Amino acid sequence: MIRFESVRKEFGKFTAVEGLTLEIPQGEIFGLIGPNGAGKTTIIKMACGLVAPTRGRIVVADVDVQQMPEIAQQHIGYLSDIYALYDDLRVWEYLDYFANAYRMRTVEIAARIREVIGIVGLEAKEQELIHGLSRGMKQRLGLARSILHRPKVLFLDEPASGLDPKARMTLRDILQTLQRQGATILISSHILAELDGLCTSIGIMGQGKLVKSGLVAAMVKGLDTERLIQIRWIDAERDHVIAVLNRLGYSRLSNIGEGEVQLQCHGTDDEVSAVLRTLVEQGVKVVSVSEHQRTVQDVYMKVSRHGVM
942 MIRFESVRKE FGKFTAVEGL TLEIPQGEIF GLIGPNGAGK TTIIKMACGL VAPTRGRIVV
1002 ADVDVQQMPE IAQQHIGYLS DIYALYDDLR VWEYLDYFAN AYRMRTVEIA ARIREVIGIV
1062 GLEAKEQELI HGLSRGMKQR LGLARSILHR PKVLFLDEPA SGLDPKARMT LRDILQTLQR
1122 QGATILISSH ILAELDGLCT SIGIMGQGKL VKSGLVAAMV KGLDTERLIQ IRWIDAERDH
1182 VIAVLNRLGY SRLSNIGEGE VQLQCHGTDD EVSAVLRTLV EQGVKVVSVS EHQRTVQDVY
1242 MKVSRHGVM
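For the sequence shown, this note's numbering gives the first residue as 942, with consecutive numbering after it.
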């Protein structure tokens, strides 16, 4: 559904993107991650036909973006990291304006506006002026505009930037709804927490190059087998707990605080159970045990440790 073939982009003597080859199947939510300046925004703009690559080929929804940009853009929804809204229009008026700009059939415009307003949860705001909306509501409106013409592919550049936690959760729900409806979504972000549990695959950018890409599940599984066990207790001195763990051969401890510690080990469930049993026998009142689940952030940190970011 989205394909980059040996794509390169130069701005004068500066190479923003180099040798990008990547294919994103239909129905994926793909997270493009990396530090600022890694080339993420340039990639999205090239895929939308807003910036021409220096060389290479980009195909979106089976259409060559450079050869047939107007046809490709009929299948593309785009939400920029810096989006402009017409503050003096009402929500409904704004969407009606863009429905006509998209050359949608007049007889379907009202129903479609009502549908996208429902998808993004702006039913109570449709007659309000845009300048009175919160940032989160404005972001929803921008997203409604980008899906108004039923695009097959959606490009979102830093969509959660500046949003509060509740607004980010709402955005996540909306994107998962769109995926279930068949959309292919590419999200650029440097906020790794927003991608966990959302993206089905990711690509990690560094210095204009795609460093690593693949399915999230496979990349997480490919991390080392070290386990991170969080133990919490009451009514015991921290030094006593650490001493017990050290005697058991566990010296790799982190997140040490009053009443909690994170144990790094390669042990089986039986071995972890034995540790807990020993702590209890030594007078430690263990109140909870949890295992840290590997995430996109763990994958990113492992890649970045190799110094390619």
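For the record, the hints were derived by calculation from the structure and aren't laboratory data.
A hint or two may mislead.
Said to hold, decoys possible - Okay, derived cross-link-like pairs now, DSBU-like style, lysine-lysine, Cα gap no bigger than 30 Å in a straight line: (1) K1079 to K1066; (2) K1079 to K986; (3) K1066 to K1093; (4) K954 to K986; (5) K1107 to K1093; (6) K1243 to K986; (7) K1243 to K1226; (8) K1079 to K1162; (9) K1153 to K954; (10) K1243 to K1153; (11) K1107 to K1150; (12) K1066 to K1162; (13) K1150 to K1093; (14) K1243 to K1162; (15) K1107 to K1066; (16) K986 to K1226; (17) K1162 to K1150; (18) K1153 to K1066; (19) K1226 to K1079; (20) K1150 to K1243; (21) K954 to K1150.
On a predicted model such as this, the values are computed, not experimentally measured, just so you know.
Now for the hints, and whether the structure bears them out:
no.	hint	result
1	K1079 to K1066	holds, 11 Å
2	K1079 to K986	holds, 21 Å
3	K1066 to K1093	holds, 27 Å
4	K954 to K986	holds, 19 Å
5	K1107 to K1093	holds, 27 Å
6	K1243 to K986	holds, 28 Å
7	K1243 to K1226	violated, 35 Å
8	K1079 to K1162	violated, 38 Å
9	K1153 to K954	holds, 25 Å
10	K1243 to K1153	holds, 11 Å
11	K1107 to K1150	violated, 33 Å
12	K1066 to K1162	violated, 44 Å
13	K1150 to K1093	holds, 26 Å
14	K1243 to K1162	holds, 13 Å
15	K1107 to K1066	holds, 18 Å
16	K986 to K1226	violated, 56 Å
17	K1162 to K1150	holds, 23 Å
18	K1153 to K1066	violated, 42 Å
19	K1226 to K1079	violated, 50 Å
20	K1150 to K1243	holds, 17 Å
21	K954 to K1150	holds, 16 Å
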